[in-house]
Structure formats: structure tokens, C-alpha cells
Amino acid sequence: MMAIAAVREVTMRFRGHTALHNVSATFEENVITGLLGRNGAGKTTMMQLLAGHLVPTSGNIEVFGANPYENESVLQRMSLVKENQKYPEYFRVADAMSAAAMLFPNWDAGYAKSLVADFDLPQKRRIKKLSRGMLSADGIVIGLASRAPLTFFDEPYLGLDAVARQMFYDRLIADYAENPRTIVLSTHLIEEIAGLLERVVIIDRGKILADADVDDLRTSAISVSGPGEQIDQFLGGRDLLRREGAGQLSRAVVRVQGRDDRADASALGLDVEPVSLQHLVVSLTNRAEAIHPAAALTAESAYLEEASR
Amino acid sequence: MNRIVSAARLHLVAPWLLLLPWAIMGSSFFINVLVWRLADMAEGREPGTAGLASLYLTLCIVYVQSMSALLPFAMGLSLTRRSFYLGTALFAGLQSLVYGVLFHGLLLVERATDGWGVGLPFFGGFWVVDNPILQVLVYVVPLLVLAFLGMAVGVMYKRFGSLGLYALIIGTILGFGGLGVLLAWQEGWRETVFGFFTGQSAVALFTG
Amino acid sequence: MNEDGGPIFRQIADQIENSIVDGTLAEETQAPSTTELAAFHRINPATAAKGINQLVADGVLYKRRGVGMFVASGAREQLRKRRRSEFAQQYLRPLLAEADKLGIGTQELTTMINDRKERR
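Chains as they are written, first to last, in this note's numbering: chain X, 1 to 309; chain B, 1 to 208; chain G, 1 to 120.
Keep in mind that the hints were calculated from the coordinates and are not lab data. No residue lacks a Cβ here, since even glycine has one placed at the ideal position from N, Cα and C. Fair warning: there could be bad hints in the mix.
[Unchecked claim] Taking CB as the label site, the calculated pair distances span:
1) B:G117 <-> X:Y90: 31 to 37 Å
2) G:V67 <-> B:R81: 48 to 54 Å
3) X:Y90 <-> B:T172: 41 to 47 Å
4) G:G6 <-> X:G228: 22 to 28 Å
5) B:L179 <-> X:G59: 45 to 51 Å
6) X:E72 <-> B:R159: 18 to 24 Å
7) B:M1 <-> X:K86: 24 to 30 Å
8) G:R116 <-> X:A246: 37 to 43 Å
9) B:R81 <-> X:E289: 33 to 39 Å
10) X:G59 <-> G:Q90: 48 to 54 Å
11) X:G228 <-> G:I104: 29 to 35 Å
12) X:G236 <-> G:R65: 50 to 56 Å
13) X:G236 <-> G:P94: 25 to 31 Å
14) B:R81 <-> X:Y90: 20 to 26 Å
[To be verified] Taking lysine-lysine and the BS3-like style, the derived pairs with C-alpha atoms no more than 30 Å apart in a straight line are:
15) X:K129 <-> B:K158
16) B:K158 <-> X:K113
17) X:K86 <-> X:K128
Given only the sequences and the hints, what does the whole structure look like? Please build it.
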């Protein structure tokens with residue numbers, strides 16, 4: 001699989017705040033990759049760097065084999081749907097679509113039309129007057145209909161209700177199946193889109209926690225529950241990601257190599273369960289933030305709260 | 001080249017901004033006609049009104065705004081800054097040309113109706129020269145200058161924010177003021193420089 | 001698709017295998033396409049493809065050029081055989097472990113099994 005975009009040892013500093021610390025990650029061609037992380041982790045910054053909207057303080061960015069900054073041929077093949085995209089004061093939805101049609105070489109007007117209908121977007125309404133959900137829908141339509149070989153969606157679902165979100169995922173999958181392209185999706189709603197992703201890049205406070213295939217990542221750890229002592233025994237020399245509970249009701253998320261590890265856990269009388277992607281991301285993030293167990297629960301509920309917004 | 005043309009076409013997407021300067025000028029025009037009519041101003045009045053200038057100023061402001069409104073939007077649609085600037089410049093050039101020709105046409109109507117029936121030299125006044133091509137140029141050049149000035153100010157504003165803009169204005173005032181002081185101080189210079197300016201015809205000024 | 005149920009591609013493969021074993025998906029008929037599977041289960045088409053490819057590698061499905069994926073002849077028998085050998089590990093072991101926990105002897109177990117069978 002070819003890496004179509006990469007950040008290499010990139011540090012991004014804004015006035016008094018470092019958004020990214022020496023990060024390196026790659027994005028593979030024609031794969032749907034999730035960029036996962038908490039608010040403020042650095043997801044948007046990374047996307048803006050890849051889309052050529054920002055210049056890194058140090059390190060380099062490579063997209064389609066070149067530096068994307070002010071690079072005409074690279075930019076034409078990319079689309080970045082920002083969550084706070086600015087529109088001219090007087091633009092209506094139909095105007096935004098016309099403008100997009102002018103600037104995206106692969107724009108599919110028919111597809112855009114059907115998407116606008118699907119999302120119930122009022123064509124004649126001024127963009128400044130759209131609700132948050134409709135604004136997101138507008139961004140989604142542009143991102144999807146652009147058919148740009150490299151399409152970024154930065155938290156595209158803000159303000160969309162569950163029905164509209166599901167429609168987005170369905171349309172995304174359908175279009176990706178018919179017209180494969182490289183898609184990078186940033187989100188903190190992990191559980192919802194876990195099924196869509198093939199790869200994930202997990203980022204926390206400007207650092208990369210993981211850059212891997214989703215299935216590989218999910219099978220790289222298990223959740224064991226049972227008496228604390230047995231868990232301690234099982235832990236042995238293994239990599240602990242997260243520990244919860246106490247005494248008889250303890251649980252731990254542990255990194256494993258393969259079946260043998262599972263057998264070992266069962267042999268100790270522990271219950272073994274697979275780990276969901278969300279649980280894994282939360283565990284990795286918490287460990288990185290070295291939070292006290294009580295506060296770790298807060299981190300998890302923070303993910304869940306944000307999901308219900 | 002294609003991208004630049006697309007960038008230029010962007011300005012045509014929502015015609016609101018194209019109509020605004022004309023709307024402003026239109027209202028100024030009607031007010032002028034009324035005033036001229038009521039006060040019977042045709043007699044002994046210095047030629048020229050500020051009416052036309054209202055369109056020019058509005059245009060300048062439109063270009064300032066395009067930097068903060070259209071540019072981020074265009075970048076969101078994967079356009080490079082460079083293409084946007086060049087496309088806007090192209091559009092400004094074409095727009096100025098079209099406007100210049102339109103104004104000239106309106107000037108001819110004005111002459112034919114003897115000042116719109118009330119002797120109002122709206123498109124006439126001190127902007128007038130004999131040669132029609134030069135006349136169009138007289139209209140066009142300030143439009144272009146103002147458009148680019150607007151773009152420059154817009155870019156400055158984007159880059160340095162309001163503070164930067166104020167700094168620029170203050171700096172410019174100080175700069176010109178300083179220049180004025182310098183010139184006044186150099187008595188000998190005064191005659192030459194001012195004389196030079198007043199001695200030039202309108203044509204030379206506009207082509208220069 | 002069960003997020004906690006192990007690799008999704010494996011779940012896809014299992015589901016297709018199930019329908020072959022119980023006869024709902026007959027041999028030499030077309031299997032669902034990756035696009036259909038992806039849309040239905042709301043998963044990445046590449047993941048669906050992985051599941052299908054696994055079945056092709058196992059000889060359960062084969063590709064007909066220009067048409068799609070088909071269930072191989074003998075697939076049903078093949079899968080049944082495999083599942084029979086896994087039956088003891090997958091079902092008997094936990095059953096016997098549970099029976100042990102509850103103190104259900106072999107005699108009682110046999111009676112229970114016969115009763116159950118009659119009822120069906």
C-alpha cells in the first residue's frame with residue numbers, strides 16, 4: 001500500500017502553544033483512515049498542515065510526493081472540509097456549490113444535487129443563516145461531491161443528529177465502494193465510525209499514540225476481568241494499558257501477542273473479552289496522560305458526553 | 001492559467017457584490033438629479049460632483065472585503081493564495097475596463113440629454129477629456145488603482161489584524177506629512193514640485 | 001457488527017459460512033458483493049473484502065471473472081466437516097465444564113439431551 005500523504009518529524013508551534021511535537025504519520029492511498037483524539041489534541045492542525053493551509057515550524061509534509069503549500073497541482077487533488085469554514089457574507093448554498101464546481105476538477109454535479117436533496121439543504125438560503133447541522137451537511141456535500149483523490153473531513157458531523165450522521169456514513173461507504181479514494185476523517189465519536197475505518201492514527205496532546213491497521217490494533221489487546229491477584233499474576237511482564245476496579249472486581253486492558261496470552265488468562269480463571277476500538281483509544285490516551293484512575297473515568301465519560309452532543 | 005480564470009470567475013458567483021457599487025452610485029445619482037433640479041444649479045457651478053467617486057470608493061471597499069471573505073473560502077476549496085490574487089487581479093482588470101466603457105456610454109447619454117435634463121455633469125465634470133479612448137482610460141485607471149489598493153489593504157488586514165491596519169494608516173499619514181514638511185522646508189523645491197503638478201493636464205496625471 | 005466480537009472481517013466470513021452451512025446460501029450461487037456487505041453492515045468495503053478474501057483463500061468461495069464471487073461446490077460439506085471437528089472444542093468443552101460446576105452427571109446429561117431432542 002502506497003503512502004499518499006505523510007508528516008515527517010513535524011513540530012507546529014503557534015504563539016506560546018505547541019500543537020504538534022515532532023510527529024510522524026503516514027496515510028495510505030485509497031484507505032479510509034481515522035484521525036482520533038480528544039479536543040485540542042492536534043487533529044485539525046495536522047489536517048491543515050497536510051492541506052497546505054499551514055507551514056510547519058519544523059519537519060516536512062509530503063502529499064502526492066510534494067510539499068502541498070501553495071502547490072497548485074497538489075491542492076487541486078485535495079479537499080479539506082473544515083469544521084469552521086468561512087463563507088462570504090452573501091453566499092447561499094447554491095453559490096457554494098457553484099464555486100466548488102468551478103474549483104474541483106472531479107466535481108460531480110449530479111451527485112452533489114442528490115446529496116443536497118438527501119440532507120434536505122435549502123439551496124436558496126444564505127449560508128450565514130444555516131443551523132450548525134446544515135452547515136455541517138453543506139461541508140459534507142462539498143467534500144463528497146468533490147471526488148478529490150485525497151479528501152479530509154474535520155469533525156464533519158457537528159450538529160448533525162443521529163439520523164443525518166448515519167446517512168453521512170452510508171453515503172460515504174457507498175461512494176467509497178464505487179469510487180475509491182483516500183479519505184481521512186477526524187473525530188472523537190469513535191464507536192460510531194469504528195466500522196468505517198481501515199486504519200487509525202491516534203493523537204494526544206500533539207503526540208502520536210498509534211498509527212496502525214484497525215483490526216491489528218483491536219486484536220493487540222484484551223480485557224481481562226476477575227480477582228485483582230490473578231490479574232497481577234497475568235500482568236507479569238506484560239504491557240498494562242488500563243486498570244479498573246479493586247479486589248474481586250478488577251479489570252485490566254492488557255497488550256497481548258496472540259492466542260497463548262488469551263489461554264494464559266483463561267487458565268488463571270480470568271474472563272477474557274475483546275476490546276472495542278473506543279475502549280482501546282481511551283485506555284491508550286489515559287495512559288499517555290498518566291491520569292489517576294478516578295480521573296480516568298472522567299476521561300471516558302468525556303468521550304461519551306461529547307458523543308451525545 | 002486555468003486556475004486563475006476559475007479564481008476570477010469566483011467573483012461572479014454571487015452578483016450581490018457587483019451590484020452594490022452601482023446601487024450606491026445610483027442613489028447618489030438620483031439625489032444629485034433632485035438637488036440639481038430643485039436648486040437649479042446649472043448656472044455657474046464648478047463642474048464635477050462626488051457622485052462618481054462614491055462608486056469608486058465602494059469598489060475599493062469591496063476589494064478590501066474580498067480578501068477576508070472570499071480568500072479563506074477559496075482556500076477551503078483548494079485554491080492557492082497566488083491563484084486567488086492573480087484571479088482577482090484579472091477580474092479587477094476586466095471589471096475596470098467594462099465599467100470604463102459603460103461610464104463613457106453614460107457620458108455620451110449625459111451630453112445628449114444636456115446633463116440629464118437638469119444640467120448635471122455626473123459623468124462629466126473634471127474627469128472629461130476629448131479623446132474617447134483616453135476618456136475610457138481616465139475612468140479605468142483610478143478604478144484599477146483603487147481595486148489593487150483595496151486588495152493590498154485587505155491582505156494587510158488579514159495578516160496583521162486591525163492593529164496592523166491602524167499602524168499602516170498612521171504610518172502613511174506620518175510618511176506623507178513628513179514629506180510635506182520636508183518639501184515646505186526646502187523652499188526651492190516647493191516651486192518646482194508644486195508647479196510640476198499643477199502644470200500637468202488631467203490626461204498626464206491619469207496616465208502617470 | 002459486533003465491535004467487541006473480534007475482527008470484523010472474521011465476523012463477516014462467519015456469517016457467510018453460517019448461511020452456507022444451514023443451506024440458505026446454496027452452492028454455485030452468487031455470494032453477496034463487498035459493496036452490498038459494506039452497505040448492509042455499515043462497514044468499510046475493504047473490511048468486507050477481507051472477509052470475502054478469507055473465504056476464497058479457504059476454498060469456500062471462488063471468483064467468476066466479470067461476474068463475482070460464488071459458493072464453491074462442496075463448500076457446504078467442507079464447512080460441516082470443519083465445524084464438526086471444532087464442535088467438541090467450541091460447544092462440548094464449555095457444556096461439560098458448566099455441567100461439572102452444577103454437578104450434572106453423564107447419565108443425567110444424556111437424559112436431558114434426549115428430552116430436548118424429542119421436544120424439537
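Structure-based check of each hint:
Between G117 (chain B) and Y90 (chain X) the beta carbons are some 35 Å apart, a value that agrees with the proposed interval 31 to 37 Å. Distance hint for V67 (chain G) and R81 (chain B): a CB-CB separation of about 50 Å, consistent with the stated range 48 to 54 Å. Separation of Y90 (chain X) from T172 (chain B) is about 30 Å and departs from the stated range, judged on CB atoms against 41 to 47 Å. With their beta carbons about 26 Å apart, G6 (chain G) and G228 (chain X) fall inside the hinted range of 22 to 28 Å.
A hinted range of 45 to 51 Å for the beta carbons of L179 (chain B) and G59 (chain X) is consistent with their spacing of about 46 Å. For E72 (chain X) and R159 (chain B), the hinted distance range of 18 to 24 Å is satisfied, since their beta carbons lie about 22 Å from each other. Checked against the hint of 24 to 30 Å, the pair M1 (chain B) and K86 (chain X) passes, with Cβ atoms roughly 27 Å apart. R116 (chain G) and A246 (chain X) have their C-beta atoms about 42 Å apart, which keeps the hinted 37 to 43 Å range intact.
The hinted range of 33 to 39 Å is satisfied by R81 (chain B) and E289 (chain X), whose Cβ atoms lie roughly 38 Å apart. Distance hint for G59 (chain X) and Q90 (chain G): a CB-CB separation of about 51 Å, consistent with the stated range 48 to 54 Å. Separation of G228 (chain X) from I104 (chain G) is about 32 Å and conforms to the stated range, judged on CB atoms against 29 to 35 Å. The hinted range of 50 to 56 Å is satisfied by G236 (chain X) and R65 (chain G), whose Cβ atoms lie roughly 52 Å apart.
The supplied range of 25 to 31 Å is met by G236 (chain X) and P94 (chain G), whose beta-carbon atoms lie about 26 Å from each other. Distance hint check for R81 (chain B) and Y90 (chain X): the Cβ-Cβ separation is about 22 Å, which falls inside the suggested range of 20 to 26 Å. With a C-alpha separation of about 24 Å, the suggested pairing of K129 (chain X) with K158 (chain B) holds against the 30 Å cut-off. The suggested pairing of K158 (chain B) with K113 (chain X) is violated, with an alpha-carbon distance near 34 Å, which exceeds 30 Å.
About 9 Å separates the Cα atoms of K86 (chain X) and K128 (chain X), which keeps this hinted pair within 30 Å; it holds.
Of the numbered hints listed earlier, those contradicted by the structure are 3 and 16.
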